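Protein chains in written order, with our numbering: chain A, 623 to 952; chain B, 623 to 952; chain C, 623 to 952.
FYI, nobody ran anything at the bench for these hints, they're computed from the structure.
Where hints are given, some of them may not hold.
Claimed, not checked - Restricting the straight-line Cα-Cα distance to at most 25 Å, the calculated cross-link-like pairs of lysine-lysine (DSS-like) are:
#1 C/Lys648 with B/Lys657
#2 B/Lys852 with B/Lys788
#3 C/Lys801 with B/Lys698
#4 B/Lys657 with C/Lys657
#5 C/Lys947 with A/Lys801
#6 A/Lys698 with B/Lys801
This one's a predicted model, so the numbers in the text were calculated from it and none came from an experiment.
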Amino acid sequence: MNHVIGIHDLGPSGVRQVLDQAADWKAQSPGEHLKGAVLGMVFFNPSLRTRTSFELAMLRGGGHAIVLEVGAGTWKLESREGVIMDGDKTEHLKEAIPVLCRYVDLLAVRSFSDGTDEDLDHTEPVLEAIRRYATVPVISMEGAREHPCQGLADLLTMRENFGDLKGLPVTLTWAPHIKPLPKAVPNSFLLSAITAGCQVRLAHPPGFELHESVLAQAAALAAETGATLKTTQDQAAALAGSAVIYPKAWGPTVAGAELSQASWCPTIAHLNGMRADAILMHCLPVRRDLEVSSELLDSPHSRVVDEAENRFHVQRVLLDRAYHKKENSL
Amino acid sequence: MNHVIGIHDLGPSGVRQVLDQAADWKAQSPGEHLKGAVLGMVFFNPSLRTRTSFELAMLRGGGHAIVLEVGAGTWKLESREGVIMDGDKTEHLKEAIPVLCRYVDLLAVRSFSDGTDEDLDHTEPVLEAIRRYATVPVISMEGAREHPCQGLADLLTMRENFGDLKGLPVTLTWAPHIKPLPKAVPNSFLLSAITAGCQVRLAHPPGFELHESVLAQAAALAAETGATLKTTQDQAAALAGSAVIYPKAWGPTVAGAELSQASWCPTIAHLNGMRADAILMHCLPVRRDLEVSSELLDSPHSRVVDEAENRFHVQRVLLDRAYHKKENSL
Amino acid sequence: MNHVIGIHDLGPSGVRQVLDQAADWKAQSPGEHLKGAVLGMVFFNPSLRTRTSFELAMLRGGGHAIVLEVGAGTWKLESREGVIMDGDKTEHLKEAIPVLCRYVDLLAVRSFSDGTDEDLDHTEPVLEAIRRYATVPVISMEGAREHPCQGLADLLTMRENFGDLKGLPVTLTWAPHIKPLPKAVPNSFLLSAITAGCQVRLAHPPGFELHESVLAQAAALAAETGATLKTTQDQAAALAGSAVIYPKAWGPTVAGAELSQASWCPTIAHLNGMRADAILMHCLPVRRDLEVSSELLDSPHSRVVDEAENRFHVQRVLLDRAYHKKENSL
Numbered sequence: 623m624n625h626v627i628g629i630h631d632l633g634p635s636g637v638r639q640v641l642d643q644a645a646d647w648k649a650q651s652p653g654e655h656l657k658g659a660v661l662g663m664v665f666f667n668p669s670l671r672t673r674t675s676f677e678l679a680m681l682r683g684g685g686h687a688i689v690l691e692v693g694a695g696t697w698k699l700e701s702r703e704g705v706i707m708d709g710d711k712t713e714h715l716k717e718a719i720p721v722l723c724r725y726v727d728l729l730a731v732r733s734f735s736d737g738t739d740e741d742l743d744h745t746e747p748v749l750e751a752i753r754r755y756a757t758v759p760v761i762s763m764e765g766a767r768e769h770p771c772q773g774l775a776d777l778l779t780m781r782e783n784f785g786d787l788k789g790l791p792v793t794l795t796w797a798p799h800i801k802p803l804p805k806a807v808p809n810s811f812l813l814s815a816i817t818a819g820c821q822v823r824l825a826h827p828p829g830f831e832l833h834e835s836v837l838a839q840a841a842a843l844a845a846e847t848g849a850t851l852k853t854t855q856d857q858a859a860a861l862a863g864s865a866v867i868y869p870k871a872w873g874p875t876v877a878g879a880e881l882s883q884a885s886w887c888p889t890i891a892h893l894n895g896m897r898a899d900a901i902l903m904h905c906l907p908v909r910r911d912l913e914v915s916s917e918l919l920d921s922p923h924s925r926v927v928d929e930a931e932n933r934f935h936v937q938r939v940l941l942d943r944a945y946h947k948k949e950n951s952l
Numbered sequence: 623m624n625h626v627i628g629i630h631d632l633g634p635s636g637v638r639q640v641l642d643q644a645a646d647w648k649a650q651s652p653g654e655h656l657k658g659a660v661l662g663m664v665f666f667n668p669s670l671r672t673r674t675s676f677e678l679a680m681l682r683g684g685g686h687a688i689v690l691e692v693g694a695g696t697w698k699l700e701s702r703e704g705v706i707m708d709g710d711k712t713e714h715l716k717e718a719i720p721v722l723c724r725y726v727d728l729l730a731v732r733s734f735s736d737g738t739d740e741d742l743d744h745t746e747p748v749l750e751a752i753r754r755y756a757t758v759p760v761i762s763m764e765g766a767r768e769h770p771c772q773g774l775a776d777l778l779t780m781r782e783n784f785g786d787l788k789g790l791p792v793t794l795t796w797a798p799h800i801k802p803l804p805k806a807v808p809n810s811f812l813l814s815a816i817t818a819g820c821q822v823r824l825a826h827p828p829g830f831e832l833h834e835s836v837l838a839q840a841a842a843l844a845a846e847t848g849a850t851l852k853t854t855q856d857q858a859a860a861l862a863g864s865a866v867i868y869p870k871a872w873g874p875t876v877a878g879a880e881l882s883q884a885s886w887c888p889t890i891a892h893l894n895g896m897r898a899d900a901i902l903m904h905c906l907p908v909r910r911d912l913e914v915s916s917e918l919l920d921s922p923h924s925r926v927v928d929e930a931e932n933r934f935h936v937q938r939v940l941l942d943r944a945y946h947k948k949e950n951s952l
Numbered sequence: 623m624n625h626v627i628g629i630h631d632l633g634p635s636g637v638r639q640v641l642d643q644a645a646d647w648k649a650q651s652p653g654e655h656l657k658g659a660v661l662g663m664v665f666f667n668p669s670l671r672t673r674t675s676f677e678l679a680m681l682r683g684g685g686h687a688i689v690l691e692v693g694a695g696t697w698k699l700e701s702r703e704g705v706i707m708d709g710d711k712t713e714h715l716k717e718a719i720p721v722l723c724r725y726v727d728l729l730a731v732r733s734f735s736d737g738t739d740e741d742l743d744h745t746e747p748v749l750e751a752i753r754r755y756a757t758v759p760v761i762s763m764e765g766a767r768e769h770p771c772q773g774l775a776d777l778l779t780m781r782e783n784f785g786d787l788k789g790l791p792v793t794l795t796w797a798p799h800i801k802p803l804p805k806a807v808p809n810s811f812l813l814s815a816i817t818a819g820c821q822v823r824l825a826h827p828p829g830f831e832l833h834e835s836v837l838a839q840a841a842a843l844a845a846e847t848g849a850t851l852k853t854t855q856d857q858a859a860a861l862a863g864s865a866v867i868y869p870k871a872w873g874p875t876v877a878g879a880e881l882s883q884a885s886w887c888p889t890i891a892h893l894n895g896m897r898a899d900a901i902l903m904h905c906l907p908v909r910r911d912l913e914v915s916s917e918l919l920d921s922p923h924s925r926v927v928d929e930a931e932n933r934f935h936v937q938r939v940l941l942d943r944a945y946h947k948k949e950n951s952l
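I would like the entire structure built from these sequences, with the hints used as guidance.
Okay, here's the thing in structure tokens:
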């Protein structure tokens with residue numbers, strides 16, 4: 623079944639195929655390729671772009687989406703096996719997912735980290751539980767560990783600006799925030815860029831390391847794709863000669879590490895030393911003048927709106943691939 | 623107008639017709655039988671299966687649903703007549719329902735008991751107020767007294783397993799919980815099984831009696847359909863020779879009656895003495911190892927996912943019957 | 623671009639065209655005039671009629687709507703420029719709106735006053751910020767200053783009852799409430815009736831004046847359309863000879879002005895002195911026996927449900943006008 627929960631579900635050649643198809647369909651819309659399909663969207667967390675771009679992909683393709691917000695319009699769901707359910711969770715995924723799979727053709731699920739156990743987060747616990755119970759394809763709308771659709775949209779955006787991504791120097795840099803954010807987006811940008819063969823620079827202050835399981839996966843992938851990864855605490859060194867600046871806030875690995883390090887907030891001045899055609903990328907939502915300066919966001923270097931648009935283009939390819947392997951729901 | 627607020631709106635022959643049609647359409651989908659129809663879904667309480675299966679029934683039939691969550695995305699609604707509206711309710715059903723009926727072709731409404739007045743609950747106050755104000759057909763998505771769509775899905779599931787339901791021995795048994803749940807599901811299973819002519823056994827600890835209005839309705843129906851009803855406080859005696867175990871938590875009639883009577887939680891051992899082909903049924907959501915043991919839920923005896931699927935099949939028949947009597951909305 | 627944020631976006635001749643088309647399409651439905659269109663609906667505040675009537679207008683026209691609830695299912699949005707975003711707002715409209723405009727063909731937005739700064743409210747700050755950022759047409763679903771779709775539905779309702787509106791005597795009268803409500807509805811009724819050339823009487827107790835910017839706009843419009851506006855604190859004098867009584871609660875301009883002036887709550891007795899064919903209008907939701915008496919709401923003089931239905935009829939014209947100037951989204 624064509625689940626997409628992590629980038630490893632596609633692999634380098636799958637990623638390439640998705641990007642090729644997305645670019646083709648961006649140039650020439652495929653029409654009603656999802657005619658009759660119904661996508662069930664399960665949100666454990668809020669959404670604007672993801673909600674809209676997935677529902678739109680179904681509608682533009684001639685299908686439909688049903689949106690469920692867990693804990694708001696629906697029950698709270700348990701994902702752990704073997705627990706006595708006498709707490710605040712009313713239903714187990716072990717029932718909810720098989721039931722939804724009887725109704726809909728495809729599932730898309732968003733379930734962030736709750737910030738309590740980073741090692742657990744990096745097993746992608748909710749999405750992987752859903753994979754076990756599901757009888758229709760499941761696409762992640764952002765998990766605790768990865769946000770593969772964002773990673774794919776990022777790659778499409780870089781391709782549109784720079785063509786072939788092999789060897790392209792790109793910088794993922796930590797950014798300040800008022801609270802410790804999850805790591806799914808930086809994890810996915812890193813893994814995607816490595817999958818595409820980029821020369822990746824990762825810059826963050828001490829105490830903000832990405833998880834070892836992601837770094838290990840990146841190293842293994844790099845050996846396969848010819849990508850490189852260099853980690854540094856020197857943001858300027860990372861940016862030197864880079865074609866992409868991708869600032870992103872995420873939480874510390876060391877308790878008490880300072881979130882408000884304003885010198886890490888990219889401004890126009892940060893473009894000095896980067897390539898003349900350098901672009902700013904960000905997954906959005908972005909807090910202006912906290913994570914990224916307004917002047918940079920409002921400059922011609924910014925591609926953040928293109929990136930958001932590209933969510934639509936890559937997702938409709940994933941939905942298409944998933945649906946056309948499986949059409950026998952109700 | 624083809625309202626379905628309680629099982630009495632269908633009667634034994636109506637129930638039979640709905641089940642026949644649902645079984646036919648489960649074998650052979652009816653296509654776009656709801657082309658152009660719009661269903662307004664009004665939720666006073668949360669939902670997962672009901673929300674999804676109703677919206678899906680509209681989409682698969684070529685129609686659409688509009689989902690309104692009262693008190694979340696919409697105003698809180700008053701259902702009592704003759705009150706000065708100076709509290710937290712912003713709008714009266716007397717305006718809201720006629721307005722919605724100008725817009726949509728069909729209404730579906732969920733309004734649980736609020737747990738404060740059981741006698742009032744058993745008049746189905748919100749749904750019956752809506753019946754008075756509505757100018758398009760109204761289908762209950764669970765009221766304070768009945769959950770007719772669940773009862774119909776339960777009957778379809780039993781038919782699929784046992785064929786003719788006349789005289790089939792089935793047991794509705796109380797189950798433990800952490801809070802006093804409403805009685806709409808046990809009421810509807812009881813009334814549906816009696817409508818279908820089953821030999822019904824009802825088991826619960828003292829202090830958990832069903833409401834006299836339901837028991838009186840069941841007795842009157844039984845006289846018509848040849849069903850029988852035996853009530854007992856001995857769960858094992860009820861289960862002996864039974865083809866169905868239907869455990870369900872509900873609240874006490876006597877203040878302080880104990881909710882956590884773990885011996886009432888069905889396990890595999892409870893199947894001893896039942897028929898060899900006995901099945902486990904439950905409306906879901908179910909709290910594992912509190913209401914029903916995991917081993918029983920995960921055993922081949924469980925039909926809980928089939929039951930949930932059958933919600934879709936019976937509901938699209940109800941929607942079809944309602945719509946094709948009334949097509950003159952906007 | 624065909625934005626409709628205030629009545630000035632249409633002007634007197636635009637209003638006339640919308641009403642003519644709405645009346646035609648009410649008599650004879652236009653079919654799939656919105657085939658392929660997707661409307662993004664952004665709610666900063668709750669809704670029942672607006673939500674349903676807009677989504678229905680899209681569905682009946684062959685299009686679709688995607689519904690986003692800001693702060694519930696989506697992030698909280700910042701509308702002010704130049705602020706450091708270190709508070710509770712996660713995203714700026716400056717990103718969110720351009721992104722949504724890449725996805726959908728049309729936007730509809732609801733953003734009430736928050737009750738803290740009336741002068742700011744009367745600049746329509748959120749909707750006007752969205753106008754600046756949007757690349758697709760934007761329709762107001764009620765702002766801080768105006769609710770143009772309600773005003774248009776009100777005019778259509780008056781036309782259906784009285785034909786030509788030039789010189790028609792109509793009374794907008796303040797009504798009691800438990801809390802200070804926003805002024806968008808009374809502002810829009812006033813501006814719409816003036817646009818249509820009515821003889822408008824505005825009655826309210828001292829301390830409940832409408833904002834000077836609205837009164838100035840009304841005066842300028844009246845000079846153009848031949849309308850008249852007379853303001854009084856004598857409700858009975860205003861109603862004398864009037865064809866329409868439009869009661870509406872709104873908040874005071876003077877701190878401490880009394881909200882619970884029960885003599886201002888219209889009853890059947892208030893019709894004495896009005897025209898024999900006088901009608902009651904209200905935008906809904908209405909609190910019975912607080913803002914308007916039940917006997918009047920339940921009398922044959924009431925047109926409140928017609929008014930709500932007319933929301934649908936005027937909105938599908940606005941959607942049509944907006945869409946057919948702009949069809950190049952994804």
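Ascending list of hint numbers which this structure does not respect: 5
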